[in-house]
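A.B. asks: Go ahead and model the full structure; you've got the sequences and the hints to work with.
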Amino acid sequence: MNDAMHPLDRAADLARREPVDPADWEQTAAGVMRRIRASIRPGRRLLVPLPDDRGSATFVNERVVVVLLRRALLAVDGAAPADIRLEVVDDRCTAVDVELAAAYGTDLQVLGARCRAVAAEALAVLLLGAADAVDVRVSVVDVTLDDPRL
Amino acid sequence: MRPPPVRVRPRGHKGQVGAGGIEQRSDGALLRAARLGDTDAFGAVVERHGPGMRRYARFILGDEEDAADATQEALVSAWRGLGTFRGESSLRTWLFTLVSRRAADLQRRRRPVPVPEEQLAQRLPTVPDTASGSALEADLVEALRSALQDLPWRQRACWVLRELEGLSYDEIAATVGVTSGQVRGYLHRGRATLAERMEPWR
Numbered sequence: 001m002n003d004a005m006h007p008l009d010r011a012a013d014l015a016r017r018e019p020v021d022p023a024d025w026e027q028t029a030a031g032v033m034r035r036i037r038a039s040i041r042p043g044r045r046l047l048v049p050l051p052d053d054r055g056s057a058t059f060v061n062e063r064v065v066v067v068l069l070r071r072a073l074l075a076v077d078g079a080a081p082a083d084i085r086l087e088v089v090d091d092r093c094t095a096v097d098v099e100l101a102a103a104y105g106t107d108l109q110v111l112g113a114r115c116r117a118v119a120a121e122a123l124a125v126l127l128l129g130a131a132d133a134v135d136v137r138v139s140v141v142d143v144t145l146d147d148p149r150l
Numbered sequence: 001m002r003p004p005p006v007r008v009r010p011r012g013h014k015g016q017v018g019a020g021g022i023e024q025r026s027d028g029a030l031l032r033a034a035r036l037g038d039t040d041a042f043g044a045v046v047e048r049h050g051p052g053m054r055r056y057a058r059f060i061l062g063d064e065e066d067a068a069d070a071t072q073e074a075l076v077s078a079w080r081g082l083g084t085f086r087g088e089s090s091l092r093t094w095l096f097t098l099v100s101r102r103a104a105d106l107q108r109r110r111r112p113v114p115v116p117e118e119q120l121a122q123r124l125p126t127v128p129d130t131a132s133g134s135a136l137e138a139d140l141v142e143a144l145r146s147a148l149q150d151l152p153w154r155q156r157a158c159w160v161l162r163e164l165e166g167l168s169y170d171e172i173a174a175t176v177g178v179t180s181g182q183v184r185g186y187l188h189r190g191r192a193t194l195a196e197r198m199e200p201w202r
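Protein sequences appear in the order of chains A and B.
Residue 1 is where the first sequence starts when you use the numbering used here, and the numbers rise one by one after that.
Residue 1 is where the second sequence starts when you use the numbering used here, and the numbers rise one by one after that.
Treat the hints as calculated values from the structure; they're not laboratory data.
None of these values were measured; they are calculated from a predicted model.
Per the computed footprint, the stretches of chain B lying under chain A, defined by three or more beta-carbons under 8 Å from a beta-carbon of chain A, are:
(1) 21 to 33
(2) 41 to 48
(3) 51 to 59
(4) 70 to 80
(5) 189 to 196
All C-beta atoms, glycine included, are put in the ideal place defined by N, C-alpha and C.
C.D. replies: Listed below in structure tokens is the structure:
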């Protein structure tokens, strides 16, 4: 540090170099994450008819659907899901809105069609026969210079 | 009787894509992931921006406990507000705006306690006659903290955001809720007062 500097500049310089993670930062961060995890509410349940002749059915939570849709969409080059919303009527998923961020220079029509197909495929695995009635809508809401997944 | 819900737990998926870990991902990618409920992605946001938010809160509030509270409240409100953040500003600016609001709330709630004049004189750090280098440096930063607490709120916030956190005038304006022109004014007045207060340390 240069002693010729004004004391205010010297003090500011030292303050900038103070450790930004104080001893109890871990405690603060852990407290944030604890409160966040505690605030997560269970999602709606979605009816999944089972393929038997007795009319059996089970349920899957919408959070599981969102997690697995996101995972499937992240496998598509040049796209990242920005939002996934499910429309549910009487425990049945009727529509899925997928908002995407796309890499600059990507053919958006092709990308949208690819993501729609990937989402429909994932829904078929999760919702079985109920997936046929789901309207999958895909829109690109953001364009990024780099890979939007990174 | 209704059948039990299907339990599906995706294993080993932490949202990583490619070779880089979650901590290497851009703010935008973390934000998109967190918005879809990925708490690990939000944890990376907390680790990336939280310490800076905490430092900012510490310098403008002058109290470790209040700074921790303001930072924690701001980050929890960020999680709750992820759906409303549309990227008009950078993630960092938005987070600083949230911590600035929480800090201002705390400041408003503080009840001013009158300090007798003789105690006030004792409270102000004095320039030590002789001290080792590191002790002198610690005293110098303590003097700055003390001087900052005497600045009006906006001057203090603008100075810390500019000089310690390196935000641009536009980012500071968005954070503090004033115009860029007003930021220049607050900075000018804040710097002049601080320079005068720190002069004895020359």
